[in-house]
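Novice: Go ahead and model the full structure; you've got the sequences and the hints to work with.
Taken in order, these protein sequences are the chains called X and Y. Numbering-wise (the numbering used here), the first sequence opens with residue 22 and increments by one. Numbering-wise (the numbering used here), the second sequence opens with residue 206 and increments by one.
If you are wondering where the hints come from, they were derived from the structure by calculation, not from laboratory data. Values in this document were obtained by computation on a predicted structure and should not be read as measured data. Hints may contain errors.
[Stated by the list, open to error] Heads up, simulated EDC-like pairs for lysine to aspartate or glutamate below, C-alpha to C-alpha not over 20 Å straight-line:
no.: 1; chain 1: Y; residue 1: K445; chain 2: Y; residue 2: E433
no.: 2; chain 1: Y; residue 1: K318; chain 2: X; residue 2: E150
no.: 3; chain 1: X; residue 1: K66; chain 2: Y; residue 2: D280
no.: 4; chain 1: Y; residue 1: K211; chain 2: Y; residue 2: D273
no.: 5; chain 1: X; residue 1: K135; chain 2: Y; residue 2: E263
no.: 6; chain 1: Y; residue 1: K319; chain 2: X; residue 2: E150
no.: 7; chain 1: X; residue 1: K66; chain 2: Y; residue 2: E263
no.: 8; chain 1: Y; residue 1: K318; chain 2: Y; residue 2: D273
no.: 9; chain 1: Y; residue 1: K425; chain 2: Y; residue 2: E227
no.: 10; chain 1: X; residue 1: K162; chain 2: X; residue 2: E230
no.: 11; chain 1: X; residue 1: K135; chain 2: Y; residue 2: E374
no.: 12; chain 1: X; residue 1: K66; chain 2: Y; residue 2: E281
no.: 13; chain 1: Y; residue 1: K247; chain 2: Y; residue 2: E407
no.: 14; chain 1: Y; residue 1: K331; chain 2: Y; residue 2: D343
no.: 15; chain 1: X; residue 1: K162; chain 2: Y; residue 2: D347
no.: 16; chain 1: Y; residue 1: K319; chain 2: Y; residue 2: E281
no.: 17; chain 1: X; residue 1: K135; chain 2: Y; residue 2: D347
no.: 18; chain 1: Y; residue 1: K247; chain 2: Y; residue 2: E227
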Amino acid sequence: MVEFTLWDIFRNLLVGAQWTVLLSLIAFVGGGAVGLALLVLRLGKMVWAEWLTRAYVQLFQGTPLLMQLFLAYFGLALFGIKTSAWVAAILALTLYTSAFLTEIWRGCVNAIPKGQWEAAEALALSFTERLRYVILPQAFKIAIPPTVGFLVQVIKGTALASVIGFVELTRTGTMITNATFKPFLVYSCVALLYFALCFPISLYAKKLENRLNASRR
Amino acid sequence: MQADAKPIIQITGLRKSFGTNEVLKGIDLTVAPGEVIAIIGKSGSGKSTLLRCINGLETFQAGSLAVDGLALTHDEAALRALRQRVGMIFQSFNLFPHLSVGRNIMLAPTLVKKPDTANMAAQARKLLERVGLSEKFDAFPDQLSGGQQQRVAIARALAMEPAVLLCDEITSALDPELVGEVLRVVESLANEGMTLLMVTHEMAFARKVSNRVIFMHQGKVHEEGPPERLFKDPQTAELKQFLSSLTD
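Specialist: What follows is the structure, given as structure tokens:
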């Protein structure tokens, strides 16, 4: 049996952590894009779009992320689409992220006074112009802290992708545990790495929030 | 006021409900170009709703409304054309807080009319001068007093070169000492021949500036006429009561 030093454990976990970061970023950027599209659809005052987006959000908020991962992984295979754990994890996490982000951002848009919409409307701006030049720039500012905060949830959510066999930080930890039989040590290191990723982001979100509150005064 | 001129606004049988609550119960109103009209009445009488119908901020259930011969429909392109003819100023100013004063004024003309930006800036400065705020081009709305913000809002509406300006209680949110500066701007617009429809609680101002006063009561035009007659010699009990309630 090969003897693992603490450094060996850490070094291997760091490799896994890279995949966690990459998966988080893809899910966050992809989810942000889909979320923004859903937001625009939802603000467009078409009844069917309102229903569709609301159902979408409820679906992803009302089921465990783990089930979504399973469904993406096994469900796509059922339709004859060959999926890797990588594709399934990206798909599930992107959809999950988009549902939450669109809901967060809708709240931010709702926080903009109705008079802003009306003033833009009275100035003959079209719906997209109203959104693009008047509402979203203002909503964007208040959306930054909760959006950055949600990034932390996405990072932690990627741990579930280990269950469908995607080798990221948690999965790497499991594999090392199987080789070293030192679960407490290994998972402590795993937790520490997650914390090292998430804590600075939480801190940054907090700072942004304080700055926003200060500028409002 | 030329009675035989082609009307700039023509409203016939306008009805508007919010759910089961009918707010406008058949409004007929014709406005000639250059006319200055003050709309008075108790809160809930439908004054603001009438104003908001004229530029399509509210939809209505029955009747017709035309501005400059263009019938108001709720089709995006037609509304966009109509709103370029009708400017609106709000009680709460509604300046865009993330844009400087200059960009507040230039935003809509740049997007809707698309002329060159250099001209735009020159026009915006001219408009600011007209409302007495030429030094505020680069200021942000939150650095201005309420009266200054409202004057910027007027300049912003004027930048679209509207034929009609709707003023919805534009001094109601202002401290008393700031009302005068805004009213002076409105008065100068009236003197320059702008068609104005204003919902107002400033009776002295309505009397001084308007050609015609419209008293609204329970969703209808209850009484109308030139200000001297309407204020001195109200014909209906409701107007008499409304006017006396103001002097209490």
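Novice: If a hint holds in the structure, say so; if it doesn't, say that too.
Specialist: Cross-check of the supplied hints:
no., hint, in the structure
1, K445/Y / E433/Y, "holds (14 Å)"
2, K318/Y / E150/X, "holds (13 Å)"
3, K66/X / D280/Y, "holds (14 Å)"
4, K211/Y / D273/Y, "holds (8 Å)"
5, K135/X / E263/Y, "holds (13 Å)"
6, K319/Y / E150/X, "holds (13 Å)"
7, K66/X / E263/Y, "holds (15 Å)"
8, K318/Y / D273/Y, "holds (19 Å)"
9, K425/Y / E227/Y, "holds (11 Å)"
10, K162/X / E230/X, "holds (10 Å)"
11, K135/X / E374/Y, "holds (17 Å)"
12, K66/X / E281/Y, "holds (13 Å)"
13, K247/Y / E407/Y, "holds (13 Å)"
14, K331/Y / D343/Y, "holds (14 Å)"
15, K162/X / D347/Y, "holds (16 Å)"
16, K319/Y / E281/Y, "holds (18 Å)"
17, K135/X / D347/Y, "holds (18 Å)"
18, K247/Y / E227/Y, "holds (16 Å)"
Of the hints listed earlier, there is not a single one the structure fails to meet.
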